[in-house]
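Student: Respectively, the protein sequence lines represent chains A and B.
Counting in the working numbering, the first sequence runs from 2 upward without gaps.
Counting in the working numbering, the second sequence runs from 10 upward without gaps.
Keep in mind that a hint or two might mislead.
[Stated by the list, open to error] List time: in silico BS3-like cross-link candidates among lysine-lysine, alpha-carbon distance up to 25 Å: (1) B:Lys106 - A:Lys79; (2) B:Lys106 - B:Lys78; (3) B:Lys106 - A:Lys63; (4) A:Lys16 - A:Lys63; (5) B:Lys106 - A:Lys72; (6) A:Lys16 - A:Lys79; (7) B:Lys12 - B:Lys78; (8) A:Lys17 - A:Lys63; (9) A:Lys12 - A:Lys63.
If you're looking for bench data, these hints aren't it; they were derived computationally from the structure.
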Amino acid sequence: EAGVVQSPRYKIIEKKQPVAFWCNPISGHNTLYWYRQNLGQGPELLIRYENEEAVDDSQLPKDRFSAERLKGVDSTLKIQPAELGDSAVYLCASSLEGHQPQHFGDGTRLSIL
Amino acid sequence: DAKTTQPNSMESNEEEPVHLPCNHSTISGTDYIHWYRQLPSQGPEYVIHGLTSNVNNRMASLAIAEDRKSSTLILHRATLRDAAVYYCILRFRRDDKIIFGKGTRLHILP
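Between the sequences and the hints, there should be enough to build the whole structure, so can you do that?
Tutor: Okay, here's the thing in structure tokens:
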């Protein structure tokens with residue numbers, strides 16, 4: 002089966018610019034997650050979707066971050082405007098159901114100049 | 010939230026078994042113990058999980074202490090491709106949130 006697909010793989014932008022990341026989960030997986038991973042740290046959950054509903058967005062900085070999962074399949078994560086501290090790897094994961102093991106994509110590495 | 014404690018790094022020789030320890034003294038009765046690993050430039054990969062009994066799969070074995078306050082991930086025969094950061098995570102049964110720590114960076118010596 003195809004894994005979780007993320008694009009782009011790398012993104013370099015200047016601060017204050019907008020940026021968007023895209024994720025295509027494994028087919029049939031109802032639960033989708035976005036994580037942020039800073040250098041030398043483990044991933045931190047930003048938001049979790051059950052189908053198209055965001056069931057946990059408590060760690061999403063809502064002043065500049067937004068996410069959507071239209072039709073309960075693909076998802077996009079947006080930052081507007083980006084700040085220097087947003088440089089990190091953004092990971093998407095999906096699972097068949099909330100309690101099943103999570104399958105991760107290879108992430109988007111974001112660099113802010 | 011229950012926390013886990015792992016050594017920052019470990020080394021092992023190729024083709025030898027590796028035992029990766031994890032302490033979780035504040036674990037509750039419904040917490041599952043999960044292990045993920047992350048190879049360089051890749052996303053984390055699920056390895057194994059268990060509740061009370063020892064578990065085996067094609068990748069590894071998980072040995073859980075009788076009091077569940079600690080566990081050990083066992084790689085039976087390490088290869089260079091096993092060099093990665095290994096995360097021990099407690100997963101709350103009622104809430105599927107998983108919280109990653111810093112993990113153990115495993116170095117495999119040829």
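Student: Each hint: holds or not?
Tutor: Checked hints:
1. Between Lys106 of chain B and Lys79 of chain A the CA atoms are separated by roughly 22 Å; this keeps the pair inside 25 Å, and the hint holds.
2. Taken as a hint, the Lys106 of chain B and Lys78 of chain B pair is honoured in the structure, with Cα atoms around 20 Å apart against an allowance of 25 Å.
3. Among the hinted pairs, Lys106 of chain B with Lys63 of chain A is consistent with the structure: their alpha-carbon atoms are about 20 Å apart, no more than 25 Å.
4. About 18 Å separates the Cα atoms of Lys16 of chain A and Lys63 of chain A, which keeps this hinted pair within 25 Å; it holds.
5. A hinted pair counts as satisfied when its Cα atoms are at most 25 Å apart, and Lys106 of chain B with Lys72 of chain A qualifies at roughly 23 Å.
6. Our distance criterion of 25 Å between C-alpha atoms is met by Lys16 of chain A and Lys79 of chain A, whose separation comes to about 14 Å.
7. Between Lys12 of chain B and Lys78 of chain B the CA atoms are separated by roughly 11 Å; this keeps the pair inside 25 Å, and the hint holds.
8. For the hint pairing Lys17 of chain A with Lys63 of chain A, the CA-to-CA distance comes to about 16 Å; that is within 25 Å, so the pair holds.
9. For a cut-off of 25 Å, the pair hint linking Lys12 of chain A to Lys63 of chain A stands: about 21 Å separates their Cα positions.
In this structure, every one of the numbered hints holds.
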